[in-house]
Amino acid sequence: MRKKAQGGDMMMIITFTFIVVVMGTLLAIGVGMFFGSEYDFREVDANILLYKIEKCIANENIDFSLSEKEFEKEFFEKCELNKNSTEKNFLVFISLGEDDKLKYKTGDEKLCALSERNEDFPLCKTGKIVKNVGEEQLTINLITGSDQKTRKKLT
Amino acid sequence: MNNKASSLVRSNLAYLILLVIVLLPFAVFAGNQMNGASIWSKYYAKEISRVINLAEPGDIISLDVHKATKIAKSNGITRLRKEVFTFDNANKEVCVKLSPGRETCYSYFNDVDVINEDIELGVSKNAGNILVFEIKESTR
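Here the protein sequences line up with chains A and B, keeping their order.
Numbering follows the working numbering, in which position 153 of the first sequence is assigned residue number 149; successive positions increment by one, without gaps.
Numbering follows the working numbering, in which position 120 of the second sequence is assigned residue number 204; successive positions increment by one, without gaps.
Read the hints as simulated data drawn from the structure, not as lab findings.
Computed from a predicted model, the values in this text were never measured in an experiment.
Just so you know, not all the hints are guaranteed correct.
As the list claims (entries may be wrong) - Using 25 Å as the maximum straight-line C-alpha spacing, the simulated BS3-like pairs for lysine-lysine come out as follows: (1) A:K84 / A:K69; (2) B:K220 / A:K84; (3) A:K149 / A:K48; (4) A:K149 / B:K166; (5) B:K220 / A:K74; (6) A:K48 / B:K157; (7) A:K48 / B:K220; (8) A:K148 / B:K166; (9) A:K121 / A:K69; (10) B:K151 / A:K148; (11) B:K220 / A:K69; (12) B:K220 / A:K79; (13) B:K154 / A:K124; (14) A:K121 / A:K97; (15) B:K220 / A:K51; (16) A:K79 / A:K121; (17) A:K149 / B:K157; (18) A:K65 / A:K127; (19) A:K145 / B:K151; (20) B:K157 / A:K148.
Claimed, not checked - Beyond 10 Å from chain A on every Cβ pair, some chain B residues (computed): (21) L147; (22) E201; (23) L205.
C-beta atoms are modelled at their ideal positions from N, C-alpha and C, and glycine is treated no differently.
Please model the entire structure based on the sequences and the hints provided.
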């Protein structure tokens, strides 16, 4: 009689394990969400990128009459920005009046509007430079943004 | 009486062992998170990338990384000078490793290379450990 009762008692171990695993998982998710949240750096990145591009366009003699491809090459050379890294992690949008000169990260500034609601979208900064080239006055519009997140690598 | 008590312990022993086995990994995970390795590695990776983005070739940069080295050491990383901060000049990223087996990386856009990185240990009583590195023009 006793042995039979013990057998039934041991069946409870499945329920017990299930409850413990569920509780442990929820605890781990809670701790992970609290301590593992991203330290938001998008605004800092966007500001520094805008500062560097503004400084570069103001000081360097970049030819805005070049075709998009040639302009891109000259821009990255003179502004000392790494093309691969910028292309992958940052948003850069340069236009001369209505004429788009450089678009990176789809160059779609509409994405920026969603940045406050969702951290996956790039947080953007805008700037404008008025530059005299000969007798001509150029108005250059800039948008920079970042949606970069830290990457975990196994070592 | 004694017999009753011992049979009670015996019948619940399986539950206790199971509880310990299941909860131990979760406790280790929570402990790792709470010593700050995850959040501090993100902090250092991002702040160092900010410094690199604003740097110019020829700059020599010194940063107080005492907190990071303290966390790394408490997590069992022994080669502090080689393992904690690494710079990948090809991919333009800085990686910070504060716990064994994983590192946190963040990219910078400034087209420069980071060379001669080293951690100067115990520089002074106030400053602690200092990360020093040099910025030079990118070798394309």
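Against the structure, the hints come out as follows:
1. Only pairs whose Cα atoms come within 25 Å are accepted, and A:K84 paired with A:K69 is accepted, the gap being roughly 16 Å.
2. Only pairs whose Cα atoms come within 25 Å are accepted, and B:K220 paired with A:K84 is accepted, the gap being roughly 23 Å.
3. With a C-alpha separation of about 29 Å, the suggested pairing of A:K149 with A:K48 is violated against the 25 Å cut-off.
4. Between A:K149 and B:K166 the alpha-carbon distance is near 17 Å, which keeps this suggested pair within the 25 Å criterion.
5. For a cut-off of 25 Å, the pair hint linking B:K220 to A:K74 stands: about 16 Å separates their Cα positions.
6. About 37 Å separates the Cα atoms of A:K48 and B:K157, which puts this hinted pair outside 25 Å; it is violated.
7. Annotation: proposed proximity of A:K48 to B:K220 holds, straight-line Cα distance about 17 Å (limit 25 Å).
8. Proximity of A:K148 to B:K166 is assessed by CA-CA distance (about 18 Å); at most 25 Å being required, the pair is judged to hold.
9. A threshold of 25 Å between alpha carbons decides the hint, and for A:K121 with A:K69 the separation of about 23 Å falls inside it, so the pair holds.
10. Annotation: proposed proximity of B:K151 to A:K148 holds, straight-line Cα distance about 20 Å (limit 25 Å).
11. Note on B:K220 and A:K69: the hinted pairing holds, with a Cα-Cα distance of about 21 Å set against a maximum of 25 Å.
12. Restraint check for B:K220 and A:K79: satisfied, since their Cα atoms lie roughly 17 Å apart, inside the 25 Å limit.
13. Simply put, B:K154 and A:K124 have alpha-carbon atoms about 45 Å apart, too far for the 25 Å limit, and the pair is violated.
14. A C-alpha spacing of about 17 Å is found between A:K121 and A:K97, which places the hinted pair at or below 25 Å, so the restraint holds.
15. A threshold of 25 Å between alpha carbons decides the hint, and for B:K220 with A:K51 the separation of about 20 Å falls inside it, so the pair holds.
16. Distance check on the hinted pair: A:K79 and A:K121 sit about 19 Å apart at the alpha-carbon level, within 25 Å; holds.
17. With a CA separation close to 19 Å, the supplied pair A:K149 and B:K157 stays within the 25 Å bound.
18. At most 25 Å may separate the alpha-carbon atoms for a hinted pair to count; A:K65 and A:K127 meet this at roughly 22 Å.
19. For the hint pairing A:K145 with B:K151, the CA-to-CA distance comes to about 22 Å; that is within 25 Å, so the pair holds.
20. About 20 Å separates the Cα atoms of B:K157 and A:K148, which keeps this hinted pair within 25 Å; it holds.
21. Look at B:L147: its CB is around 16 Å from the nearest CB on chain A, clear of 10 Å, so calling it non-interface holds up.
22. A cut-off of 10 Å between C-beta atoms confirms that B:E201 is not in contact with chain A; the least separation is 17 Å.
23. With 10 Å as the threshold on Cβ separation, the claim that B:L205 sits away from chain A holds: the shortest Cβ distance comes to roughly 22 Å.
When each numbered hint is compared with the structure, violations occur for hints 3, 6 and 13.
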